[in-house]
Amino acid sequence: MYYGQAVAVKRFDQIVSADSAELEKVIKKEIKAWKDVSHEPNILTLVGVCTKTQPPILVSELCETNIRRYVRDWPEALLPMIYQFACGLAFLHSKNIIHRDLKGDNVLITFQKTVAIADFGLSRSTESLKNTRTGSKASGTLNWMSPEQFFRPRSLTTKSDIWSFGMTIWEILCNDTPYRECSEYEFQDILKSEDDRPEKPKDLNPCFEPLWSLVTKCWQLEPNARPSAKDIVEFLVRTYNAQDMLHQQESFDECINVSDTSEMEDIDDTVTSLNQLIELIVTEPSREWPLLNNYVLRPRILGTANQGIFRAYNERQPWKHLAVKLSDNSHEMDFYKSVVDIEKAKDYFVECFESGAWYVRGYKCFAVILQRGGRNCENYCQYLLKDSIAKYRFIEQILAATQFLHSQGWIHGDIKLENVAYFEAEARFKLMNMDHAQNIDAAITKHCVSEYCPPEMAMYIRGHKKILVASEKFDTWCVAVLVLKLFLKDGVLKEFSGLDEKAIIQLIASPDFNLDHSLNASDLKPPQKQIFALCLHPDPEKRGTLDDILAILPERTSLWIKLSRSIPFAWRLDGVIEPLPRGKALREMSLRLTSLCEMRESSSRCEHFYQDASIQVQADSTFVRDALPFLKTSSLVIKAIGLISCYDIQFGSDYNVDVSDGIDVEKTVLALQNFHGVVSSTAPPRLVEIVNHLENGDLEEEEVKTVAKEIKRIIEDNWKNNTEVMATALRNLGLRLDGDVIGGLTKRTIKSQSPFE
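When you line the sequence shown up against the working numbering, it's residues 1 to 757, in that order.
Keep in mind the hints are simulated off the structure, nothing from the lab. There could be a bad hint or two in this list.
Stated by the list, open to error - Capping the alpha-carbon separation at 30 angstroms, the derived lysine-lysine pairs in BS3-like fashion look like this:
1. 494 / 386
2. 446 / 416
3. 639 / 320
4. 416 / 494
5. 639 / 391
6. 473 / 525
7. 337 / 416
8. 529 / 416
9. 494 / 525
10. 502 / 466
11. 639 / 344
12. 386 / 346
Values in this document were obtained by computation on a predicted structure and should not be read as measured data.
Could you build all of it, start to finish, from the sequences and the hints given here?
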């Protein structure tokens, strides 16, 4: 870091042994060539140099990657990056500077997504050399080197850079090194031949045929037959869409005199509304849109309810699952900025990483960068209806999230299944879409969807109330309706069957409206129905509270606390079994947390402390020995799948590793290993290696696809080959096994006395 700025440091190791005169000459040459152009567009910024160290160092702007890797990862950026590369080279040549070592490694990409030509260690000022120079040594990198650089008398001109420019474009197009297999001896024949040039890429997009024609002209043996850098810039603007050429690039008119600008003048790029902006983004599916700081929008809409939500990524943290929500107002942004306890809020709301105003073609909108990867609970409803454990966990977490929201002085104003997301890696249900959120006691300006609409809102919509003030009772109604739907066999409120939205609002606004029909048809027990009748009272002053709804949970949700504190292996085993073939079916049939709660007399009893993740174990070592490898492998598989999903590589449901109840499996494994140091808990070595590569981000996309297949095989082999070990662990837990075989596995049948049933 240099005054808060991240920088790169170049060491002059290759000349440490040189005499002081040679050292001074080389350093002065590099600094002079670089300093003169350092602050121009598409040239790497020089920060400073230090000659007092051994070896001397040169400090420059830190860049994200080079042009070859960047275009490999974002192929749609090919034209803008080549255009910027050509502009930078044209500027150097306009200042009579020959680079002499152009190649992909010396053409960098900044964190602002602009090209920065680097490494002036071999550059020469042609002004003092009268545009040519004869030297005794070849300068440059052989594979990119022009014939006149290779053969004596080595007379260099700016056209020598053009040859290297063409080789660099081939390198970018093919993601390969030109003449990779050739020896220095073979180059003597290659660089004398008119025909021996790198082959055209077989899968070259037809629209890049003119670009390929340009590249071949750069490889003319006669330097004067090659185009100039200025010619290349003009050719690119003339041949391709000017807007594509200027994407992410400020005008270069001050530096390069481009003759043909008519295409740029004809483009009407004004945006006047959010809908117009969304339409523009969608119509350019291959383009990426820089947002705030290091965040970038990808034009892929997420969901259908809000067409302003797109995929996003962070350039410095590409493994994060992100979405960006665009809005014509700052309401949601203001909400997130008002939250006091940000760390605690992550457990209750979809996390917000960044927000701010975003200007696009004269239009100002607001962008909120959000956590992505959750499953919308509108599509999760059938699972919640069937699985009591998931249902009660859902209720508990939504109640906690809503209460936390109220503690921050806000109501959500639109709580419904569609506004809840389930994050499997965290085992968390989180509230999202804060468009309707309002400060408590402030006037409500938006209304929620019809079937969740409280009577006071319906009367306001119908004109029976002149003003509607936000209160906790508004959310209480919405939560009560949401929970009631989970206790109806089809998840549909009986009163609204066959009605459209307008008719539903009219019905709710009627003086004698109630939801008694749905309450009577629900699976709720009589005392629970009384609680819901109170929480669904039409008069908000007489309406119950969220605490009343909380009372329907067994022992006010203390079951989860007791379970996690008393037998962590039990619930964790539930997550381990799920990746087995037919594991989900097994889990739904038999293995329930409620059943495990009845095993408190089992010899396998453990205690888990959240505060320091330490574990006191009162369990026989056999169980620990058998369970720990599964837990450790599970944590690595979960991490690997999360990292791989950043590449839009999907794993089928058969490979889903569902970690229940929000316990940190990684900390649990570490604590167990510390307690049982002699117990072997080795995960598959290849899995450990894969996770390390994914975390370091050093795998190419094709390699990621390959390791994704390996992960699937590891999941299948690890658990398939250890089913007997798992059965032993289950026996140690006191589970009874019957003889039925399903999918090659023993069916577990557990009779539960759970208060949930």
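Given pair status - residue 416, residue 337, alpha carbons within 30 angstroms:
The given pair, whose Cα atoms are some 23 angstroms apart, holds under the 30 angstroms limit.
Keeping to a limit of 30 angstroms between CA atoms, is the pair of residue 639 and residue 320 held or broken?
holds (12 angstroms)
Pair hint outcome, residue 494 versus residue 525 [Cα-Cα no greater than 30 angstroms]:
holds (18 angstroms)
Assess, step by step, whether the Cα of residue 446 is no farther than 30 angstroms from the Cα of residue 416, and give holds or violated.
holds (15 angstroms)
Hint check: residue 502 vs residue 466, CA-CA at most 30 angstroms. Holds or violated?
holds (19 angstroms)
Holds or violated: residue 386 to residue 346, with C-alpha atoms at most 30 angstroms apart:
Holds, at about 28 angstroms.
Taken at face value, is the distance from the CA of residue 391 to the CA of residue 639 at most 30 angstroms?
holds (26 angstroms)
Going straight from one Cα to the other, do residue 494 and residue 386 come out at no more than 30 angstroms?
holds (19 angstroms)
Is the hinted pair residue 529 and residue 416 satisfied, with a Cα-Cα distance of at most 30 angstroms?
Given pair residue 529, residue 416 holds - Cα atoms ~20 angstroms apart, limit 30 angstroms.
Taking 30 angstroms as the top limit, are the C-alpha atoms of residue 639 and residue 344 close enough?
Answer holds: residue 639 to residue 344 is near 23 angstroms, not above 30 angstroms.
For the pair supplied as a hint, residue 416 and residue 494, is the alpha-carbon distance within the 30 angstroms limit?
Given that 30 angstroms is the threshold and the Cα spacing comes to 17 angstroms, the pair holds.
Hint consistency between residue 473 and residue 525 [alpha-carbon to alpha-carbon, up to 30 angstroms]:
holds (23 angstroms)
Going down the numbered hints, you'll see the structure goes against none, and every one checks out.
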